[in-house]
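Asker: Below are the chains, spelled out letter by letter.
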Amino acid sequence: MATLNINGRDVTVDVPTDMPILWVLRDVVGLTGTKFGCGMALCGACTVQLDGQPIRSCVTPVAAAAGKKITTIEAIGETPAGKKVQQAWLDLEVVQCGYCQSGQIMSASALLAKNAHPSDADIDGAMSGNICRCGTYPRIRAAIKQAAKGA
Amino acid sequence: MTTHTVSRRDFVVLLTAAGGGLLLGCRVGDRSGTATAAAAAPPPAFAPNAFIRIGTDGRVTLVMNQVEMGQGTYTSMPMLIAEELEVGLDQVQLEHAPPDDKLYANPFFGDQETGGSSSVRAFYEPLRRAGATARTMLVAAAAQTWDVDVASCRAKRGVVTHTPSGRTLSYGALAEKAAKLPVPEKVALKDPKDFTLIGTPAKRLDKTEKVNGTAQYGIDVRLPGMKIATVAASPVLGGKVAALDEAKAMAIPGVHQIVNLGDVVAVVADHMWAAKQGLAALAIRWDDGPNGNVSTADVVQGLDAASQQPGVVARTQGHVAEAIAGAARKIDAVYQVPFLAHATMEPMNCTVHVRQDGCEVWTGSQTLSRAQATAARVTGLPLEKVVVHNHLLGGGFGRRLEFDWVTQAVRIGQKVEGPVKVVWTREEDMQHEFYRPYYYDRMAAGLDTSGKPVAWSHRIVGPAILARYLPPAFKNGLDSDAVDAAVFLTYDIPATQVEYVRHEEPVLNTTFWRGVGPTHNIFVMESFMDELAAAAKADPVEYRRALLSKVPRARAVLDLAAKAAGWGRPLPAGHGRGVALLYSWWGSYLAEVAEVEVSKAGEVRVHRIVCAVDCGTVINPDIVTAQIEGGVNFGISGALWGEVTLKNGRVEQSNFHNYRVLRMNEAPTIEVHLVRSLEAPGGIGEPGTSITAPALANAIFAATGKRLRRLPVKDQLRSA
Numbered sequence: 000m001a002t003l004n005i006n007g008r009d010v011t012v013d014v015p016t017d018m019p020i021l022w023v024l025r026d027v028v029g030l031t032g033t034k035f036g037c038g039m040a041l042c043g044a045c046t047v048q049l050d051g052q053p054i055r056s057c058v059t060p061v062a063a064a065a066g067k068k069i070t071t072i073e074a075i076g077e078t079p080a081g082k083k084v085q086q087a088w089l090d091l092e093v094v095q096c097g098y099c100q101s102g103q104i105m106s107a108s109a110l111l112a113k114n115a116h117p118s119d120a121d122i123d124g125a126m127s128g129n130i131c132r133c134g135t136y137p138r139i140r141a142a143i144k145q146a147a148k149g150a
Numbered sequence: 000m001t002t003h004t005v006s007r008r009d010f011v012v013l014l015t016a017a018g019g020g021l022l023l024g025c026r027v028g029d030r031s032g033t034a035t036a037a038a039a040a041p042p043p044a045f046a047p048n049a050f051i052r053i054g055t056d057g058r059v060t061l062v063m064n065q066v067e068m069g070q071g072t073y074t075s076m077p078m079l080i081a082e083e084l085e086v087g088l089d090q091v092q093l094e095h096a097p098p099d100d101k102l103y104a105n106p107f108f109g110d111q112e113t114g115g116s117s118s119v120r121a122f123y124e125p126l127r128r129a130g131a132t133a134r135t136m137l138v139a140a141a142a143q144t145w146d147v148d149v150a151s152c153r154a155k156r157g158v159v160t161h162t163p164s165g166r167t168l169s170y171g172a173l174a175e176k177a178a179k180l181p182v183p184e185k186v187a188l189k190d191p192k193d194f195t196l197i198g199t200p201a202k203r204l205d206k207t208e209k210v211n212g213t214a215q216y217g218i219d220v221r222l223p224g225m226k227i228a229t230v231a232a233s234p235v236l237g238g239k240v241a242a243l244d245e246a247k248a249m250a251i252p253g254v255h256q257i258v259n260l261g262d263v264v265a266v267v268a269d270h271m272w273a274a275k276q277g278l279a280a281l282a283i284r285w286d287d288g289p290n291g292n293v294s295t296a297d298v299v300q301g302l303d304a305a306s307q308q309p310g311v312v313a314r315t316q317g318h319v320a321e322a323i324a325g326a327a328r329k330i331d332a333v334y335q336v337p338f339l340a341h342a343t344m345e346p347m348n349c350t351v352h353v354r355q356d357g358c359e360v361w362t363g364s365q366t367l368s369r370a371q372a373t374a375a376r377v378t379g380l381p382l383e384k385v386v387v388h389n390h391l392l393g394g395g396f397g398r399r400l401e402f403d404w405v406t407q408a409v410r411i412g413q414k415v416e417g418p419v420k421v422v423w424t425r426e427e428d429m430q431h432e433f434y435r436p437y438y439y440d441r442m443a444a445g446l447d448t449s450g451k452p453v454a455w456s457h458r459i460v461g462p463a464i465l466a467r468y469l470p471p472a473f474k475n476g477l478d479s480d481a482v483d484a485a486v487f488l489t490y491d492i493p494a495t496q497v498e499y500v501r502h503e504e505p506v507l508n509t510t511f512w513r514g515v516g517p518t519h520n521i522f523v524m525e526s527f528m529d530e531l532a533a534a535a536k537a538d539p540v541e542y543r544r545a546l547l548s549k550v551p552r553a554r555a556v557l558d559l560a561a562k563a564a565g566w567g568r569p570l571p572a573g574h575g576r577g578v579a580l581l582y583s584w585w586g587s588y589l590a591e592v593a594e595v596e597v598s599k600a601g602e603v604r605v606h607r608i609v610c611a612v613d614c615g616t617v618i619n620p621d622i623v624t625a626q627i628e629g630g631v632n633f634g635i636s637g638a639l640w641g642e643v644t645l646k647n648g649r650v651e652q653s654n655f656h657n658y659r660v661l662r663m664n665e666a667p668t669i670e671v672h673l674v675r676s677l678e679a680p681g682g683i684g685e686p687g688t689s690i691t692a693p694a695l696a697n698a699i700f701a702a703t704g705k706r707l708r709r710l711p712v713k714d715q716l717r718s719a
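Residue numbers (numbering that gives the first Met the number 0), protein chains in the order written: chain A, 0 to 150; chain B, 0 to 719.
Think of the hints as simulated: they come from the structure by calculation, not from any bench. Among these hints, one or two may not hold up.
As the list claims (entries may be wrong) - Pairs of lysine to any residue residues, derived as SDA-like cross-links and limited to a Cα-Cα distance of at most 25 Å, are as follows: (1) A:Lys144 to B:His672; (2) B:Lys275 to A:Pro15; (3) B:Lys239 to B:Arg284; (4) B:Lys713 to A:Ser127; (5) B:Lys275 to B:Pro289; (6) A:Lys148 to B:Lys202; (7) A:Lys113 to B:His672; (8) B:Lys713 to A:Lys144; (9) A:Lys68 to A:Lys113; (10) A:Lys144 to B:Pro620; (11) B:Lys646 to A:Leu41; (12) B:Lys713 to A:Lys113; (13) B:Lys247 to A:Pro15.
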């Protein structure tokens with residue numbers, strides 16, 4: 000048994016403590032907005048925030064979340080940075096297949112929450128762990144800048 | 000703060016409510032993006048064809064026969080219907096079509112298929128006609144109600160107005176009456192100058208749910224009592240299980256069942272984590288079978304041997320052999336492109352529930368009727384007993400034109416009580432793909448004394464995907480896809496010949512990859528054209544331009560790209576610009592200029608891509624631009640690093656650490672310039688990928704003087 004704080008709610012789940020948060024979210028709790036991409040922290044599709052820090056939930060065990068707050072794509076719009084990022088994503092028509100975009104938005108929101116005006120280098124640093132096979136990178140970059148303008 | 004303990008029973012109930020993926024959760028204008036069960040929808044009052052349903056409540060449902068995998072089809076297809084139906088995009092909701100070749104076949108292929116950059120080309124008229132038919136009937140119903148001339152009535156935003164009196168009736172109010180009218184056989188379509196929606200950068204209809212996490216992909220399916228399975232298929236094509244430790248796997252908490260089908264083993268569990276651990280615990284030993292010693296070098300050797308023989312003639316003009324023999328200069332080259340994985344972000348997955356009397360399938364497929372047919376074949380059930388629920392696709396690129404993972408999931412599902420979701424790990428996905436084939440091309444050309452080409456010979460060697468996938472399209476030994484683009488050579492050269500040598504290497508499955516023929520032919524043709532320009536000591540743009548006087552659309556995009564890119568302007572040392580031109584069955588003309596920098600260590604950095612596009616009539620310019628941006632980036636990944644190799648019959652790449660793809664810090668600036676045109680619409684999903692490899696290779700040549708005749712670039716510049 001483990002108790003996780005997910006999107007502001009405590010959820011008790013009967014899972015081993017070494018189970019990656021990704022599978023708890025998707026297969027046990029039923030929050031499927033967080034995506035499985037690689038299982039090795041190589042693609043960023045599974046990115047969620049742990050106390051505001053972007054983490055790869057596919058390699059982060061439940062034990063690492065003890066006493067911390069997990070925020071997923073389903074609730075990131077309730078944070079000021081997440082709301083701006085989602086709006087910019089809509090305004091600039093960023094998405095294509097959309098599968099990676101939960102992770103992209105989680106990484107971008109974490110960036111903007113701590114750095115209101117990121118440079119191109121900051122964006123590279125924060126976003127290079129998130130792969131988009133549709134190649135939406137130019138629009139992701141532009142959307143982060145637009146979201147920052149609204150800061 | 001609330002505390003909620005999730006029990007198995009709870010989450011099952013919770014997830015049923017969240018929707019089993021029956022209907023796309025894309026209710027336009029509804030920001031919550033809630034999924035709606037089809038069963039909950041009121042019966043439609045008016046459904047004049049398979050694409051449109053209008054309820055008495057005014058709800059307009061558009062049924063999407065072409066699938067959405069990122070290319071914007073769920074916006075462009077609704078635009079075609081809405082333009083003629085006279086509804087706003089904010090007034091419609093979308094629904095995935097069920098499999099039905101009779102209603103939804105793509106006329107290019109004869110079955111329900113989304114591929115080949117064909118959706119707009121195939122459905123530009125049919126969907127407009129569907130919309131116009133419905134609108135004509137609704138207007139007629141209004142005119143009848145008021146007893147007035149139909150010519151005095153106008154439809155707009157789902158309302159019919161009698162212009163002289165100002166009376167109005169909504170589509171919902173007219174639905175029942177319209178349904179009783181005969182469906183007109185002929186309807187007038189709008190003159191393109193009267194379009195109010197087509198040609199505008201309308202917003203994507205699938206975007207809200209894709210930024211808030213509610214979008215439903217196949218992998219997100221959840222059903223009452225559903226188990227989750229992950230699989231290991233033989234790492235060598237044709238191999239079989241020799242031994243496994245079932246007891247050890249069953250000892251993992253959460254593991255319920257091991258399904259050993261001989262060529263593939265599935266671990267069925269409560270969740271993916273248990274299934275993955277169970278799979279590892281099985282420690283499967285494989286009997287590799289006859290392909291256990293094959294390596295990439297064997298494949299290349301086979302292709303090289305096949306390339307020594309003449310092939311089936313796909314195009315011929317003049318006398319190539321004579322022209323080359325008599326030319327002032329002869330140039331030959333061999334070009335090679337590797338096996339490539341699609342590496343869609345959403346790994347292959349399929350949920351099935353096989354029962355005695357029926358089978359249900361939940362997945363994301365580019366070819367629904369084939370998914371249905373394979374489930375019927377495996378189970379022995381009649382087609383009508385197999386229900387397939389399609390979903391948004393987390394990337395397609397041609398991978399999901401296959402249905403191997405559906406077949407596999409149904410075979411597993413036959414052994415499992417209740418529904419089971421089969422999810423491939425990334426490793427399983429990358430090592431059990433249907434790959435872009437390895438191609439091996441021989442080029443030869445003759446130049447006259449001024450350096451102008453007088454003869455062009457192109458011999459293509461590779462497998463015939465169409466012979467397997469679409470047999471009627473494979474005629475007289477010719478795979479029209481394998482030679483696509485090559486046979487449409489736009490340059491004015493007096494003697495040309497294109498040959499095709501079919502050579503199968505059945506050690507890996509192969510298929511389409513954001514195109515097929517053009518993904519290698521454009522690289523070969525445009526690199527070789529650059530070689531000819533270099534041999535003639537001519538500017539690559541000027542050299543091409545001089546050969547395009549008969550193809551003004553090609554010359555126009557070349558001029559546009561060159562001008563926008565600042566062609567000829569000086570660049571720093573180590574930088575180079577390369578150009579490429581594309582025309583193919585897709586019907587679009589593209590020219591691209593790439594600007595790269597090659598470091599002393601041989602690493603390539605792509606700084607800027609300028610792409611000029613004439614794809615005829617544009618439905619949505621922003622989606623065209625997005626497709627070029629995405630296609631270019633997909634092409635960069637493939638050209639610089641993409642390569643699947645074999646050793647001991649096994650694919651050596653397994654995940655994104657050894658199958659490198661482009662990332663944010665490596666992505667160039669991309670400028671897309673659209674040519675205004677009233678020509679028929681051309682395809683746009685795939686061309687941006689095909690044109691990028693040669694533009695990069697030519698830019699690398701400009702920067703380093705090194706001609707790359709083999710992809711990927713990878714470490715080929717290291718020794719330079």
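Asker: Are the Cα positions of lysine 68 of chain A and lysine 113 of chain A separated by 25 Å at most?
Answerer: 17 Å, holds
Asker: Given the proposed pairing of lysine 247 of chain B with proline 15 of chain A, does the C-alpha separation stay at or below 25 Å?
Answerer: 17 Å, holds
Asker: Would the pair lysine 144 of chain A and proline 620 of chain B pass a check requiring their Cα atoms to be no farther apart than 25 Å?
Answerer: 23 Å, holds
Asker: Would you check the hint for lysine 713 of chain B and lysine 113 of chain A, treating anything up to 25 Å between C-alpha atoms as holding?
Answerer: 36 Å, violated
Asker: Next pair to validate is lysine 239 of chain B with arginine 284 of chain B; report whether the Cα-Cα distance is within 25 Å.
Answerer: Measuring from Cα to Cα gives roughly 9 Å; hence the hint holds.
Asker: Does proline 15 of chain A lie within 25 Å of lysine 275 of chain B when you go C-alpha to C-alpha?
Answerer: Answer holds: lysine 275 of chain B to proline 15 of chain A is near 14 Å, not above 25 Å.
Asker: Would you check the hint for lysine 713 of chain B and serine 127 of chain A, treating anything up to 25 Å between C-alpha atoms as holding?
Answerer: 19 Å, holds
Asker: Taking only the CA atoms, is the gap from lysine 113 of chain A to histidine 672 of chain B under or equal to 25 Å?
Answerer: Distance ~36 Å between lysine 113 of chain A and histidine 672 of chain B Cα, so the pair is violated.
Asker: Are the Cα positions of lysine 646 of chain B and leucine 41 of chain A separated by 25 Å at most?
Answerer: 24 Å, holds
Asker: Is lysine 713 of chain B close enough to lysine 144 of chain A, meaning Cα to Cα at most 25 Å?
Answerer: 32 Å, violated
Asker: Does the alpha-carbon distance linking lysine 275 of chain B and proline 289 of chain B stay inside the 25 Å limit?
Answerer: 28 Å, violated
Asker: Tell me if the straight-line CA distance from lysine 144 of chain A to histidine 672 of chain B falls inside 25 Å.
Answerer: Roughly 23 Å separates the two Cα atoms, so the pair holds.
Of the numbered hints listed earlier, those contradicted by the structure are 5, 7, 8, 12.
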